[in-house]
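Participant: Here's the letter readout for the chains.
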Amino acid sequence: MGRFLLKRFGLAIVTLVLLSIIAFAAAQLLPGNVGRNVLGGFATQQSVDLFNHQHGVYGPVYSQYGRWIGHLLHGNLGTSLEYNVPVSGLIGPALRNSFKLALLAFILCIPVSIVGGVIAALRQGRPTDRIITVSGLSLTAVPEFVTAIVLIVVFGVALKWLPVTAQAPPGSSVFVQVKYLLLPALALTMVLFGYIARMARAGTIEALDADYTRTAVLKGLSKRTVLRKHVLRNALLPTIAVVATQVGYLIGGLIVIEKLFNYPGIGLRIYTAAQNKDFTMLETGVLIVGIVYLVATLIADLLYSLLNPRIRYGAAE
Amino acid sequence: MTAIAPAIAQRSEVSVARRERLRALVRSKTFVVGVLIVGWWVFWAVVGSSLTPHDPLDQTSSVLARPFGHYWLGTDTLGRDVLSRVLAGATGVLKVAPLATVLGIAGGTVIGLVTGYFRGIVDDSISRLIDAVLALPLIVIAVTAIVALGTSLGTLIVVIGVVFMPIVSRTVRAAVLAERDLDYVQAAKLRGEHAPYVMFVEILPNIVAPIVVEATVRLGYAIFTVAGLTFLGFGLQPPAPDWGLQIAENYALLAGGSYWWTVLFPGLAIATLVIGVNLIADGLQQVLDR
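Top line first, the protein sequences correspond to chains A and B. Using the working numbering, the first residue of the first sequence is number 1, and each one after it goes up by one. Using the working numbering, the first residue of the second sequence is number 1, and each one after it goes up by one.
Please keep in mind that the hints were generated in silico from the structure rather than gathered at the bench. Nothing here was measured: the structure is a model prediction, and the numbers come from that model. A few of these clues could be false.
To be verified - Here are a few chain B residues that face chain A, going by a calculated C-beta distance under 8 Å:
#1 144
#2 145
#3 200
#4 204
Heads up, the beta-carbon is just placed ideally off N, CA and C, and yes, glycines get one too.
Model the full assembly from the supplied sequences, consistent with the hints where possible.
Facilitator: Written out as structure tokens, the structure reads:
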């Protein structure tokens, strides 16, 4: 177990370093001189140089990268070029908002899609299975903002059940906040439903065919016990891994959904940073998105190995 | 004469297998429905605005007319016919998404063949790099790259294509790993064939099936991404009739509580197209993976 952990952490760190280089390089691609872009065409060359110096944008590219990483390791995320305030002050609340939205999406999505997948597997080949599989496939394929538009038209415009904006008035209770977040969270959920249900279905079908299930049935256990203790335990393992990898897709969806609902989360921050060429904000945002994804996959792998001894021992050999 | 006979027999065997697969595809309901839906949109992408009931760019005085009247799907804020704009809107997406897919498949196949065939340090380092790239959502990479390189359809195609390459290469690499130790590959190596010959002439024809499936799946994602990026303002620019763009231009009207037709119909157009492509992908997968 120790060696498996070590190996997994090592790989995560290598990926993280590469990711920071990619995020930095992406920001470097933004055209034009940083100071000139921010201060405008009428600023003197002197003030442009001073600005660049203050923001660490001078010297060769690799030393700029070194300075950026050095600051990052000391917890200094830099200053937003657009707002001229520390990036951390802007990213923090944005992350919290996105986290709320993502959490609600996951809470809505995971139980429904796992139950859906298991039901489809138990009714394999019958109409119920076809309906769940085809609708899951379709929902996964449709972009989030399209699903969101349909949801807004149905629940916001036609039925008037839910508000069409995402942000609750400041100081509202948790219940009201959830009500405002319900539409964007549902839109995000639809895309995940297909993936997770598909994995749960495949896992359950495999477990139903397995020898241990046959043994359990033959030794006279009730159908319920077989399902709960033998089938589901094994079936849900791969599903856990899939849920974590979907975190990445969820963040991608956040950009579009947060733009659509004008919700101030990390996605909207990245979008506006890209539009306004605010490269300190952009590289930090991109890096944070990558880290969130890496941590999620790491947790998934650890959970998976805790639940499945074969992987633990296999890696230790 | 005797040497030719087995060759002919073998060839006819291959064509029989191909015909059988084709028949299975035609019998697959998912595949046929998918082809019909995608065919409908390809038709409109090709004929463009020449067959639409109105000119998609024509502004009239009947602004925001309700649907199911004189204008079947209503008009938008500039009095343009929504139906014509939705039909003509197929052109942009169906130009960008397939080209991006072709680029991604071509590049990804080469990377996958090389990494799968050579293994070792080349494979390891490329795999690490791919992991790092895949830790970022496609749309984040695309937004950053498009802002850096400027908004144009060419950039859109290249960015999506390049991001697809590592993803495709994973599938191809896995397929190559399953083939590389088979007898025919060993035989080609013993004959003294060069590595590129073994990769492209011997292995590639045998892994076409997973690549075709991957291509249809990617096409679905490409449409998904193009629609999202045009919605964010990084694709076609106004006044082009594009679905993502139409939604971006009109969705603010939804907050008022009416005028839903200007956004709902382009949204449904995107939805049907991606679902159609995914049905084709699913049908292909079921037939080719057997």
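Participant: It remains to establish, for every hint, whether it holds in the given structure.
Facilitator: Right, here's what the structure says about each hint:
1. For residue 144 (chain B), the interface hint holds, the least distance from its beta-carbon to any beta-carbon of chain A being 4 Å, beneath 8 Å.
2. Given hint, residue 145 (chain B) at the interface with chain A, holds; its Cβ is 7 Å from that chain's nearest Cβ, closer than 8 Å.
3. Interface restraint check for residue 200 (chain B): the shortest CB-CB distance to chain A comes to about 29 Å, outside 8 Å, so the restraint is violated.
4. Proximity of residue 204 (chain B) to chain A is violated relative to the hint, the smallest CB-CB distance being about 29 Å (cut-off 8 Å).
Violated hints, listed in ascending order, are 3, 4; each of the other numbered hints is respected by the structure.
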